[in-house]
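Q: Protein chains in written order, with my numbering: chain A, 13 to 101; chain B, 154 to 659; chain C, 3 to 333.
Honestly, I wouldn't trust all of these hints.
Unchecked claim - Short, incomplete list of chain B residues facing chain A, as computed with Cβ under 10 Å:
1) LYS168
2) LYS170
3) HIS173
4) LYS219
5) ALA371
6) PRO441
7) PRO444
8) ARG468
9) ILE471
10) VAL473
As the list claims (entries may be wrong) - Here are the simulated EDC-like pairs of lysine to aspartate or glutamate, each with C-alpha atoms no more than 16 Å apart in a straight line:
11) B/LYS520 to B/ASP465
12) A/LYS56 to B/ASP465
13) B/LYS168 to A/ASP39
14) C/LYS15 to B/GLU654
15) B/LYS604 to C/ASP72
16) B/LYS192 to C/GLU57
Simulated from the structure, these hints should not be mistaken for laboratory data. Using N, Cα and C, we set each Cβ at its ideal position, and we do this for glycine too.
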Amino acid sequence: MSKVFLALQAIEESRAIIEAIIKDNPDVEVENQTAMTKVSAEGKLVINAPTVSDLIGREWDPQELQLVLITLAGNVDEDYDHFTIYWDN
Amino acid sequence: MTMNTQKRKKRLNMKDKYKHMTRLGWDTTYQDMDDVFPKDKFEGIVIHDWEGWEDPFRMTMDSYWKYQGEKDKKLYAIIDAFAQNNGQKNITDARYVSALKLFLTGVSPLEYQAHRGFADIARNFRGDGPRVACQMQAIDELRHVQTQVHTLSHYNKYFNGFSEFAHWHDRVWYLSVPKSFFDDARTAGPFEFMIAIGFSFEYVLTNLLFVPFMSGAAFNGDMATVTFGFSAQSDEARHMTLGLQAIKFLLEQDPANVPIVQGWIDKWTWRGYKVLGLVSMMMDYMLPESPQSWKEAWELYFEENTIALFKDLERYGITVPDCAATVSAEKDHLSHQIWMTFYTHAAAAPFHTWLPDEKKMDWLSEKYPDTFDKYYRPVYEHWGKLEKEGKRYYSEMLPQLCQTCQIPMLYTEVEAGKPTQIAHRQTKFNSERFHFCSDHCKDIFENEPEKYVQSWLPVHQIFQGNCGGSTLPEVLKWYKVEFGQDNLDYVGSPDQKMWKEWKGEE
Amino acid sequence: MSLEIKSVEIKPKRETFGHVARRIGEGKLASRYEEATYDLQPTANFHYKPLANPEFELYDVKKTGVVMEDWYKFMDPRQYHYASYVTARAKQQEVAEQNFVFVEKRNMLDFMPEEIKDEILEYVLPLRHYEWGANMNNLQLVSEGYGAALCNAFMFHAEDRLGNAQYITRIGLLLSENEAHVLDTGKDKWLNDSSWQGLRKAMEDTFVLKDWFELHIAQNIVFDAFIHPLYFNLYEQELNKRGGSSQSMMTEFITVWNEECGRWLDMTVKVAIDESDENKELITKWCEKYIDIAYDAVLPLAQKILSNPVECVDEVKGQLIARLNKSGLSL
């Protein structure tokens, strides 16, 4: 299986998103680079909106990812309550 | 019996809601659909059901305005702060600025073309889903060209080599390389444009363009460009998913599409690679602090990362582009050969070049253990001697350009194991002879000769008397390149003089 | 103790880019709008002719009968470049969002008479297809037009139309409490109800226009000048009296947008006709043609929703003609 990954700007708004990813994706790898944080996983990675919302104390909309996203690798599926990246192979 | 008096409104899931917000078209009856959409059938691509399109990102306009508005607020705050504090003083060295000149003159105009191009296909595809996705990209690309112009506006006030970017892009010899690349995509049909730009450029090759420039900026203290880069990247994530979705959609619609798409992938990976030659020399030679070599970038972003992508596409019968082996073979040579070309032709280019210093040459030895010391260090050392004698070498000849990619034919037969022999291919069409840098460029020509015979080759044009005259000063005047300001070596340039003043040197 | 901070004086060599300075004057500071607009579009030395349309270059002044010495005379009085555009729209969408939330939270639609809901669903909802067609037309203008001054503005205008279509869709879903079949019914009306056919045909005829400036006149200058004032001003005034005032709350975005565009739209006409008698003649011809078409197309719709349809359509036509004559036409 191929790895999916997500790179976010290393700023305050990303902190809770990364925490939520770690919480909900057991085998995720986190890499801190200059000004960005890279998160990768085998085959699939899910960001659950309720998890992020709990961490920041307000309702978080997955579309807010736009503000901190740098790049990603994989197919995208999104809905009101999640943002998922995956490969089919 | 209890009555539930609380009104329960049916809730729409995001996928359905987005469909309601975007599937707004209809089959016309007062005009023939083929007249309303005259461009989407001539390429031989077969679409049975446009609703097979899966929307990658589901942003309605209100969300788009909201989030993009927020992003731009942050970006411009930093651009303003950079200008206010004269942030350009904090870069590692003013040589770095030539990388930015290359960007504004070579890349930013392509963003403008992408904007017009995606608007074109957004109008000309029959399906609603792709039309919405494409127009979002069209307006994103307008964002990119404008934010780039704004970010680099401050540099333009102090450094030469930025001021006439629009004029240069349409005329100067090496800028016809990116210009012809995008003109080629723009004049093709909508499906080819989508594969050329949406997939090959924005997905397969994007990391080889943006990461080098952005990490180069980060490593050399250029906060403004780093910030622009990050800000643009989230748009790029949407573009990448569009490109990926587009190719899967085409391949799934009909098996007849597979060989057509494969042909485009092969062609456009090669044409894109040729343009990226400029990036390779930027990475290896123009950054005082280099985060990564071209070879490393190719190995990571193409040879490693793209494998996952092509594995995903294997099931449709798509294979890795046929030029991959050539690019891989050339990775130890590309940046050196192209830097040598620009070093020697520095009189005619509105950005500076210079000899790599010892530190840089040792870095290059380390990154290119099989080739640098053997083939290229000796040349630089020779030119170094000439420079010390006050005879810094400037070529007074104009190079032959490849008919397809328009790069000077100063590359060598690396893949054939003869790296000191100039690579040259030829073919005849309508009893006229044409010249190419490689088999791949020749193949592209032979596939569509009527198209590529039209190329506006800058060197041919100069010799035909269409560029202001037959002498270099006349041509430079026609180019609006200021002699002794925009061109020549960094050493002795007004940029260098100014930099030394700022640093209190000399 | 005095503190003297030694600093090197950093003097700029130039205020802006060469092509901008040639337009605004040397030594002058350029605005963000000017730097983001002037001369962005290539004008020369194209490498290949378009496969689909080889009689023209990639960017070609000959794609319209309008002749301009300088296509950058069309600079946008709103000075919209991407950043100022999204900033303006972000504010407007926030107001719109608050309005929708207000209407929903206060269950205001419970107090809207059913017959008005039905009327809106039948006679306003299908406009989402009209806005989609306008989006298509403005994308055509971005693709075929000449000069970044106009084409940047067409891009923004295109996205605005998509936004309008989405707001109208949202209203439909709100009125029907997410029963999405009303959208299908609305589409059916657009396709088959006799009162909509004049407008639909007029729109489909614009989809095949070859001259892009003619398309701009037809869609942005004429058709919209009938549809928007009729539906989002005159009709809403009547709705307010009939208990349907929630509608104007929900269409606030469209109303404000429409008022804002006027400055830009009027400029495009004025600049073109100021240029030459030939331009004026051509644009006069187009305006006359499309005003007649629009009038005939819109009247059957007005008859379904307004108590005095002929008066209203005449009023709207009169206002358009007055505006166009103020820009220099003599209609």
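Q: Now tell me, hint by hint, if it's right for this structure.
A: Structure-based check of each hint:
1. LYS168: The hint holds - B/LYS168 has a Cβ within 10 Å of chain A, the shortest such distance being about 7 Å.
2. LYS170: 9 Å, holds
3. HIS173: 15 Å, violated
4. LYS219: 9 Å, holds
5. ALA371: 6 Å, holds
6. PRO441: 16 Å, violated
7. PRO444: 9 Å, holds
8. ARG468: 8 Å, holds
9. ILE471: Violated, about 13 Å.
10. VAL473: With Cβ-Cβ at 14 Å, over 10 Å, it is violated.
11. B/LYS520 to B/ASP465: 32 Å, violated
12. A/LYS56 to B/ASP465: Satisfied, since the Cα-Cα distance of roughly 14 Å is no more than 16 Å.
13. B/LYS168 to A/ASP39: Roughly 29 Å separates the two Cα atoms, so the pair is violated.
14. C/LYS15 to B/GLU654: 14 Å, holds
15. B/LYS604 to C/ASP72: Outside the cut-off at roughly 30 Å; violated.
16. B/LYS192 to C/GLU57: Judged against 16 Å, a Cα distance of about 15 Å means the pair holds.
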